[in-house]
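Asks: As they're listed, the protein sequences go chains F and L.
Every number in this note's numbering is 7 more than the matching position in the first sequence, counting from 1.
Every number in this note's numbering is 513 more than the matching position in the second sequence, counting from 1.
Watch out, some of these pointers could steer you wrong.
[Unchecked claim] One-sided and incomplete, this derived list gives chain F residues near chain L with beta-carbon spacing under 8 Å:
#1 Tyr208
#2 Ala212
#3 Glu214
#4 Leu224
[Unchecked claim] With a straight-line Cα cutoff of 25 Å, these simulated SDA-like cross-link-like pairs (lysine to any residue) come out:
#5 F/Lys20 to L/Lys526
#6 F/Lys143 to L/Thr734
#7 F/Lys143 to F/Val173
#8 L/Lys526 to L/Phe516
[As the list claims (entries may be wrong)] In silico negatives: residues of chain F with every beta carbon more than 12 Å from chain L:
#9 Val72
#10 Arg81
#11 Val83
#12 Pro97
#13 Tyr160
#14 Arg170
#15 Leu171
#16 Lys185
#17 Thr187
#18 Ser231
It should be emphasised that the hints constitute simulated quantities derived from the structure, not laboratory data.
Ideal Cβ placement from N, Cα and C applies to all residues, glycine included.
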Amino acid sequence: MIFGFLGMTYEFKWSVLWVQPHLTWLIDGISTTLRLAAISWCLAVLLGILFGAMRTVPFRPVRIVATAYVEFFRNVPLLVWLFFWYFGAPEVFPEVVRQWFIRHGIEFWSGVAAISVYHGSRLAEVIRSGIQSIPKTQLEAGISSGLSVVQTYRLIIIPVALRLIVPPATNESLNLLKNTSLAMTIGVAELTFATRQIETYTAKAVEALSAAALLYLVLCLSISTVMNRLESKFAIPGLIARGVKAEH
Amino acid sequence: MNFEWSVVIANAKFLLVQGLLGFGIYGGGTLRLAIPAILLGFVVGIILGLARLANRPWIHYPATLYIELIRGVPLVIVIFWFWFLVPVMIGRPVPEYWVALTAFVIFEGAYIGEIIRAGIQSVPRGQVDAATAAGLSYAQTMIYVVLPQAIRNMIPSLVTQFIVLFKDTSLASIIGMMDLTKAAQTVSERELRPFEMYLFIAVVYWCFTYSMSRFAQWLETRMSPDRVR
């Protein structure tokens, strides 16, 4: 199939996507992307909950530490953090630790460190605003109607806060998934890296990039569809008037 | 591990003048890319946001499709699309700067469009009815009644998006444009001092983004309805 535009011709050859070893590269790429995203997401959520909660504590020094973490890490481009964690940070660690990481794929773990610390700071903001959107009177009302503090949290505050946090957190998680594509720059063989490799070997840029774009689109759309279902299933009538679907 | 911070001072001129401002033999420059990208992205965003709200299906659906497609794809992929496609289409190589600028405007326009749409939808319907009743045309209603209120509502998310765009300009270094990140990469490869170099540009980026977010907070309190009379 030949495509002509302004006198230039481009010959499509979609089979470059499924001849070997290109198909293996693509499949390995997808699995690396998912692995990188999953590990980074778990760490980012832990960091986000920890620092997000720390930002709402009444004790000032704790708040300052958490604010410093959030403001410093989320205001610098992820790409700079990737280079920092890959090229700069390893030389600070002792030789033994560095050797261990080099043996176990230092690109991957630098990527995990950069993505989880960066997105941890962004998730901390989501969680902080979720916590702060619950009025203090909810706790007081729960206690005065005879519930214990633990019961109030379990039955009233956490169920409401989770529903408030889930839409922006979904949004942020999809950003994390898309941002794993930057790990290509430090040599992690994820999806974007795999398609660039196919492009380099075959000079078929359109096919390779279409495949990457389509795969990311499918991943993002399927996650946001599942999360929208969950959201409308667990929506509290009258409390959250969200007609719009989760943004990605 | 001992640090050598003099490396930063010795190369500060190259990093800031060439990398940040874009004055020098390599062109490029973070600010020279970010400022036009923000302005043009805003214009494209307004057009897309209005198109999504249009009643005519042949305006509404293409705009929706465009926004949904772009927002499901990483920025790197969009940049590579333009990097490989535009030279094939026009038959000659295009400088990295123009590729990056086009990709940013196309990509961020979709995000800004969503913010504009949400901002316009936050203006009460009665305002439009009142303006129509007072005899204003659709364009007049938009320009004098809806947009001024909508823009006030969307300032926080708009500035957040501009900060994201500013940070995203670092991705232009992937296709070889000489911005702050690429300048630091070049210097650290020569001097073998990656830790100091990347920490320094992290601080430079931070100064810009943090002052932008402080400015947004100031603007928000200044323009809140109970201050504006």
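Asks: In terms of Cβ atoms, is chain L entirely out of 12 Å range of F/Arg81?
Replies: violated (9 Å)
Asks: Please verify that hint: F/Leu224, Cβ, nearest Cβ of chain L, below 8 Å or not.
Replies: OK, holds: F/Leu224 within 8 Å of chain L, min 4 Å.
Asks: Taking C-beta pairs only, is F/Arg170 more than 12 Å away from all of chain L?
Replies: The assertion about F/Arg170 holds, with a minimum of 20 Å to chain L.
Asks: Any Cβ of chain L at or closer than 12 Å to F/Lys185, or is the non-interface label fine?
Replies: At roughly 4 Å from the nearest Cβ of chain L, F/Lys185 sits no farther out than 12 Å, so the non-interface label is violated.
Asks: Was F/Val72 rightly flagged as not at the interface, with every chain L Cβ beyond 12 Å?
Replies: Holds, because the least Cβ-Cβ distance between F/Val72 and chain L comes to about 17 Å, which exceeds 12 Å.
Asks: Do the alpha carbons of F/Lys20 and L/Lys526 lie within 25 Å of each other, as the hint requires?
Replies: Outside the cut-off at roughly 48 Å; violated.
Asks: If I take the minimum Cβ distance from F/Val83 to any residue of chain L, is it greater than 12 Å?
Replies: violated (4 Å)
Asks: Just to be careful, I want the Cα atoms of F/Lys143 and F/Val173 compared with a cutoff of 25 Å; is the pair within it?
Replies: holds (21 Å)
Asks: With d taken as the least Cβ-Cβ distance between F/Leu171 and chain L, does d exceed 12 Å?
Replies: holds (17 Å)
Asks: Are F/Tyr208 and chain L close enough, Cβ to Cβ, to be under 8 Å, as the hint says?
Replies: violated (14 Å)
Asks: Does F/Glu214 pass the interface check with chain L, least Cβ-Cβ distance below 8 Å?
Replies: violated (11 Å)
Asks: Report holds or violated for the interface hint on F/Ala212, using the least CB-CB distance to chain L and a cut-off of 8 Å.
Replies: Result: holds, 4 Å to nearest chain L Cβ.
Checked against the numbered hints above, the structure breaks hints 1, 3, 5, 10, 11, 12, 16, 17, 18 and satisfies the rest.
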